[in-house]
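Using the hints provided, position chains D and F relative to the given structure of chain W.
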Amino acid sequence: MRITLPRRRLLPAAATTALALVLVSCGGGQSADAGDEPVEGGQLTVALRDEPVQLNPLVDQGSGAHSVRPVVDSLVWDNGDGTYSPWLAESWEVSEDASHYTFHLRDDVTFHDGEHLDAEAVKANFDFVVDPENRSTGSTAKLQPEATVVDEYTLEVQLEAPESSFLTLIAAPYFGILSPRQLQDDPESLADTLIGTGPFVFDEWVRGQSLTYTKNEDYAWGPEGTHGGPAYLDSIRYVFLPEDQTRYNALLTGEADMVDYIPAEYNQEVLDSDEYTSDSFLLPGVGYTLHLNTRQEPFDDVRVRQALLHGLDREGIVASSTFGAYPVQEYLAETTPDFKQDLENTIEFDPDLANQLLDEAGWDERDSEGYRTRDGERLSTEVPFNSENQLDQRTLEQVQIDARELGFEVNLLPVPAAEHSERMYNGDYGILASFQSESTGMQLWRLYGSDNVSDGETIGSNASFLSDPELDELLAQARQSADPEERAGYYGQAQELLPELAPAVPLHSRARTFAAQPYVGGVGWDYAWPQPYLYEAWVNR
Amino acid sequence: MRQLSRIGLRLLLAAFTLLGAATAAFFALRLVPVDPAFVILGAARGDQVDISPEVLAAVRAEYGLNEPLLVQYGMFMGRLLQGDLGMSYVQQVPVTSLIASQVQPTLALAGLGTLLALVLSLSAAILTAGRRLPSGLASVLELTAASTPVFWLGFLLMLIFAVQLRALPMIDDGSLASLILPAVTIALPTAAPLAQVLRQSLEDVLEQPFITTARARGLSIMTVKLRHALRHAAIPYLTMIGFAFGALLGGAAITETLFSRPGLGRLLIMSVSNQDLPVVIGVVLLSTLAFVLVNTLVDIVYTLVDHRLNEKTAATPGEGAAASPDTRTGTGADAEADMRTGTGTDAERSGA
Amino acid sequence: MSAATTLIGETRGPARRRTGVIGAGAITERIILVACLGLLGLFAVFALWPSLLTWQDPFAADRSLILAPPSLTHPLGTDEIGRDVYTRIVYGTRSTLALGVGAVLISLTLGTVAGLLAGLAPRWVSMIVMRGNDIGAAFPELLLAILIIALFGGGPVNAAIAIGIAGIPYYVRVIRAETLKIRRATFIEAAHGLGLSRTTVLVRHLAPNALRPVVVIATLGLGGATLAGAGLSFLGLGTAPPAPEWGSMLSNARSFLGLGWWAAVFPGLALTLFVASTTIVGRRIQKSLEGRR
Numbered sequence: 000m001r002i003t004l005p006r007r008r009l010l011p012a013a014a015t016t017a018l019a020l021v022l023v024s025c026g027g028g029q030s031a032d033a034g035d036e037p038v039e040g041g042q043l044t045v046a047l048r049d050e051p052v053q054l055n056p057l058v059d060q061g062s063g064a065h066s067v068r069p070v071v072d073s074l075v076w077d078n079g080d081g082t083y084s085p086w087l088a089e090s091w092e093v094s095e096d097a098s099h100y101t102f103h104l105r106d107d108v109t110f111h112d113g114e115h116l117d118a119e120a121v122k123a124n125f126d127f128v129v130d131p132e133n134r135s136t137g138s139t140a141k142l143q144p145e146a147t148v149v150d151e152y153t154l155e156v157q158l159e160a161p162e163s164s165f166l167t168l169i170a171a172p173y174f175g176i177l178s179p180r181q182l183q184d185d186p187e188s189l190a191d192t193l194i195g196t197g198p199f200v201f202d203e204w205v206r207g208q209s210l211t212y213t214k215n216e217d218y219a220w221g222p223e224g225t226h227g228g229p230a231y232l233d234s235i236r237y238v239f240l241p242e243d244q245t246r247y248n249a250l251l252t253g254e255a256d257m258v259d260y261i262p263a264e265y266n267q268e269v270l271d272s273d274e275y276t277s278d279s280f281l282l283p284g285v286g287y288t289l290h291l292n293t294r295q296e297p298f299d300d301v302r303v304r305q306a307l308l309h310g311l312d313r314e315g316i317v318a319s320s321t322f323g324a325y326p327v328q329e330y331l332a333e334t335t336p337d338f339k340q341d342l343e344n345t346i347e348f349d350p351d352l353a354n355q356l357l358d359e360a361g362w363d364e365r366d367s368e369g370y371r372t373r374d375g376e377r378l379s380t381e382v383p384f385n386s387e388n389q390l391d392q393r394t395l396e397q398v399q400i401d402a403r404e405l406g407f408e409v410n411l412l413p414v415p416a417a418e419h420s421e422r423m424y425n426g427d428y429g430i431l432a433s434f435q436s437e438s439t440g441m442q443l444w445r446l447y448g449s450d451n452v453s454d455g456e457t458i459g460s461n462a463s464f465l466s467d468p469e470l471d472e473l474l475a476q477a478r479q480s481a482d483p484e485e486r487a488g489y490y491g492q493a494q495e496l497l498p499e500l501a502p503a504v505p506l507h508s509r510a511r512t513f514a515a516q517p518y519v520g521g522v523g524w525d526y527a528w529p530q531p532y533l534y535e536a537w538v539n540r
Numbered sequence: 000m001r002q003l004s005r006i007g008l009r010l011l012l013a014a015f016t017l018l019g020a021a022t023a024a025f026f027a028l029r030l031v032p033v034d035p036a037f038v039i040l041g042a043a044r045g046d047q048v049d050i051s052p053e054v055l056a057a058v059r060a061e062y063g064l065n066e067p068l069l070v071q072y073g074m075f076m077g078r079l080l081q082g083d084l085g086m087s088y089v090q091q092v093p094v095t096s097l098i099a100s101q102v103q104p105t106l107a108l109a110g111l112g113t114l115l116a117l118v119l120s121l122s123a124a125i126l127t128a129g130r131r132l133p134s135g136l137a138s139v140l141e142l143t144a145a146s147t148p149v150f151w152l153g154f155l156l157m158l159i160f161a162v163q164l165r166a167l168p169m170i171d172d173g174s175l176a177s178l179i180l181p182a183v184t185i186a187l188p189t190a191a192p193l194a195q196v197l198r199q200s201l202e203d204v205l206e207q208p209f210i211t212t213a214r215a216r217g218l219s220i221m222t223v224k225l226r227h228a229l230r231h232a233a234i235p236y237l238t239m240i241g242f243a244f245g246a247l248l249g250g251a252a253i254t255e256t257l258f259s260r261p262g263l264g265r266l267l268i269m270s271v272s273n274q275d276l277p278v279v280i281g282v283v284l285l286s287t288l289a290f291v292l293v294n295t296l297v298d299i300v301y302t303l304v305d306h307r308l309n310e311k312t313a314a315t316p317g318e319g320a321a322a323s324p325d326t327r328t329g330t331g332a333d334a335e336a337d338m339r340t341g342t343g344t345d346a347e348r349s350g351a
Numbered sequence: 000m001s002a003a004t005t006l007i008g009e010t011r012g013p014a015r016r017r018t019g020v021i022g023a024g025a026i027t028e029r030i031i032l033v034a035c036l037g038l039l040g041l042f043a044v045f046a047l048w049p050s051l052l053t054w055q056d057p058f059a060a061d062r063s064l065i066l067a068p069p070s071l072t073h074p075l076g077t078d079e080i081g082r083d084v085y086t087r088i089v090y091g092t093r094s095t096l097a098l099g100v101g102a103v104l105i106s107l108t109l110g111t112v113a114g115l116l117a118g119l120a121p122r123w124v125s126m127i128v129m130r131g132n133d134i135g136a137a138f139p140e141l142l143l144a145i146l147i148i149a150l151f152g153g154g155p156v157n158a159a160i161a162i163g164i165a166g167i168p169y170y171v172r173v174i175r176a177e178t179l180k181i182r183r184a185t186f187i188e189a190a191h192g193l194g195l196s197r198t199t200v201l202v203r204h205l206a207p208n209a210l211r212p213v214v215v216i217a218t219l220g221l222g223g224a225t226l227a228g229a230g231l232s233f234l235g236l237g238t239a240p241p242a243p244e245w246g247s248m249l250s251n252a253r254s255f256l257g258l259g260w261w262a263a264v265f266p267g268l269a270l271t272l273f274v275a276s277t278t279i280v281g282r283r284i285q286k287s288l289e290g291r292r
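Protein chains in written order, with numbering that gives the first Met the number 0: chain W, 0 to 540; chain D, 0 to 351; chain F, 0 to 292.
In isolation and in its complexed conformation, chain W is listed as follows (with noise of 0.2 Å):
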């Protein structure tokens, strides 16, 4: 569902003013289309939000993985439709239970030291990741992988638990494959540079500004259905753009060719222009949403959450805090592979249902200022947000005005980054908020499920700290379940169960909106872990 607000008219009456701020001049426009050819050459500058704070990808998820892809290869392409293409594997077969893989790799493949792919190169990375030294704090280190070299060119890989996403996790960027000889020999080097199998080489990282590859002219195994052969472009160089505006501006004034992470604000305008070349994908996975903490009140009552769920407006919250630029969801955002598209245990908006769970919890008092109170107390609660993020800003502001609708009072709380880690792991919150996304049901496994909950000595990624058996029946269920179509059945009961539990309130899902200047062509999408993948991309200036 799409919401517009009435926005356009706000240009004119800025362009009217003295200083006539921002407004897209977006002159120069003459140049050339990229046409439909490849071209040879060229350089292409990517604006990116963050800047990785290392680079190695099988250490942590978050970082490397936004900007690694074009130097590293991973076994298998993820069609993004819960299919998979050869890549450095040729073939695989996957046992009944989804927990025993076995790949047949390719073996024309040269790392960029020169070290060739075998089975042992292989197994050394998932060795790396299962290594406690090596601190690997991904969703492949958490499968605990065992791998064992069958011959030179076949590797099997033993499961502590079955994983029926086993293949989406490792065609993402996050287990791109690397040189053994690196891995093995100087694994200090990994923070800032990566040798991998990838269409480019790793050049230079100039910390704070760029990162810059270049083209792999011995590259011939790009994955099925694209040309296989070297890039087309000479060089790739990312620059780091954190703040939205700036990041913005940079495609206005042509200094960067393409910018990735168009801010919500902006991406309408983006989409409908001529001026450039754009695209987005809405990221998968259990998206923007709200985790209460069923370990504390007023949470631990399932009638205090669902009050929340129904006594939101959520459509009015994303529509407003998004600028109309990404759509409400429910506990899956519907680009996941796992979506159940039939739903039909939605959430509805539904304030006077919310009110009478309110008021059947006991909390049916209401003090001087309008709370609601219990006993005396005040039905309040707390979220402790990292305010360098505006769009979670927005979307917690208008939260916390529907909640006060309710008669339910939500304070917000910006921390640092690092004291937002320390409460999230010590379960001081009332409410977490925030954005996860992985291509796989799956995700609901992680944040839903009681494995995860953190126990104080294992931590874990269930921030609402649920835990109830029939869920996490569904969910082994769907783990074990090879096949695709029995793998979404379960997860499509998850997800009728969840609004009963309602452990979290599901708000947006993002899209990753890139836009380009014209004479850019052939950008495509990795959508194992979406970004936009430059293998092909050209540049005719």
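Be aware that one or more of the hints could be misleading.
Said to hold, decoys possible - To give an idea of the interface, some chain F residues facing chain W are shown, with a C-beta separation under 10 Å as derived from the structure:
no., residue
1, 58
2, 60
3, 65
4, 66
5, 80
6, 93
7, 97
8, 156
9, 235
10, 237
11, 238
12, 254
13, 256
14, 257
15, 258
These are computed hints drawn from the structure, not numbers from a lab. For each residue, glycine too, the CB sits at the ideal point set by N, CA and C.
Only chains D and F this time, still in chain W's reference frame:
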């Protein structure tokens, strides 16, 4: 001999200041109730990650986090004395190399910023001093620049000169052109008070009898300004410049963030928010070192100059008021404090 | 922030006989001064009694009016949440001013005590105070403020404390320098010569004279502290939403200049006008104090 021992004392005090700052930084940051192990594991960046007990234990052992705080402090100081600042928790590279890579961009920004502040304030003051209307207009502009938040100023400059006029690039590509907008952003709030001080000094000097004499000899007003007035107005102005440069690091933090430039300021802001303790301590120590060095140098120079001046003053007691303003400014700190308050030095009072 | 904070008050005052505060003629000068006082008065009314000058609720939001341009009902438009910008500026005055005033009071109190101590106590005490002060001054102001917020958390109170503490070293230097200068001044020597006791000289003559510039630096420092608060808001360390505060209003709306310039421009204007007014008034006070000396 007495001077040598005074200089020795200064150096000793400088070393103590440094150690004090290192200790203060170490313990202050350890008061933050965040387990560094989480930071090292990337948890501080807000990802909801799963961390096993084995991984946590491995990290704690590797970074010595299981040791008592005092032992950790001892280890920290021991390594510090060997010039080793440890590994960045978040970026997983040595702190020294991280800082080394960010010094040059900040120096370039602060250097060009200071230069621009000089040029802007000199030209604004010299061109407008003594001319009522231009002087008033310039004053209003200066007041506005000094009364506007730096980030807002930078935003407006970016929108006007990069987005609207396409006159200058805004994104850092290592070129001088891309340094101009950030440097202007950082220079304007510095240039504004500099210009005001200089204009005021110039206007005061222009009212002096010896200027009237010079004018009577047929010199043009501009010649008088440049040849005579400027020389006398320069002292308070020069005192302020050193200090303006010192104030630029804070300005750099905001400007670098706004323009997404590399540099110490941005590294610092990022490291504080990431709880990257070793990097924060490293940057703090570097800025302390720079401050202490400059201050010690100034102190030593004043000690020497003071000595010479005393002798000189004794020899020629009756110098004209306008010609000897700097002999009585006392220590550097005093002069600096005077400049900040605007209470005026003895020299100015005697010159008035 | 830092450059502006430290330098805002640096124009010197003495000998400003002919030209005025901003270099205009005497009459223009007076008009400007009155205008500034008027503005500060208006801000004071905003801060003390906000509902007098606006009838709207600063928290009331209308989702159909996100970033709506100025109109009769919303004279300065609405912000990115759909709230009235004018009303939020009015209500935001209190927290904005409280932050500046609070910070200045903290720097002032602690800085004065330490400064007098450094100027009057025996050499070794003075040395300890000044070396400690050097350590404090060696941290850039903004960094020190951020460190303090990292230790104690964000929010307006902590922001004021952070800016206040970060400003102390400067006040210490000023007060000490002033004390030293006055201690050497002829009238103090005369007082000693008259046989007055040390304490009497200190309390009746030295301290009041040494503290005189404090009025000036405090007024001028108010502007600097307010700008510093805005800088913290830009870095995401200021006031918690939804409380209105000029710096965070400006900072939150900065990405929407192309969609609704009013949400950023007007709070920015309020900030600049306030800081400029305090500067002009501060210099005026300075001038009259210098005149009396």
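Evaluation of the provided hints:
1. 58: At about 8 Å, which falls below the 10 Å cut-off, the nearest Cβ of chain W leaves the hint on residue 58/F intact, so it holds.
2. 60: Residue 60/F check passes; min Cβ-Cβ to chain W is 5 Å, inside 10 Å.
3. 65: holds, 5 Å
4. 66: holds, 6 Å
5. 80: Result: holds, 5 Å to nearest chain W Cβ.
6. 93: With Cβ-Cβ at 18 Å, over 10 Å, it is violated.
7. 97: violated, 18 Å
8. 156: Nearest chain W Cβ about 13 Å off; hint violated.
9. 235: holds, 4 Å
10. 237: Holds. Min distance 8 Å.
11. 238: holds, 8 Å
12. 254: Interface hint status for residue 254/F: holds (5 Å vs cutoff 10 Å).
13. 256: holds, 5 Å
14. 257: holds, 4 Å
15. 258: holds, 5 Å
Hints 6, 7, 8 from the list above are not met by this structure, while the remaining hints are.
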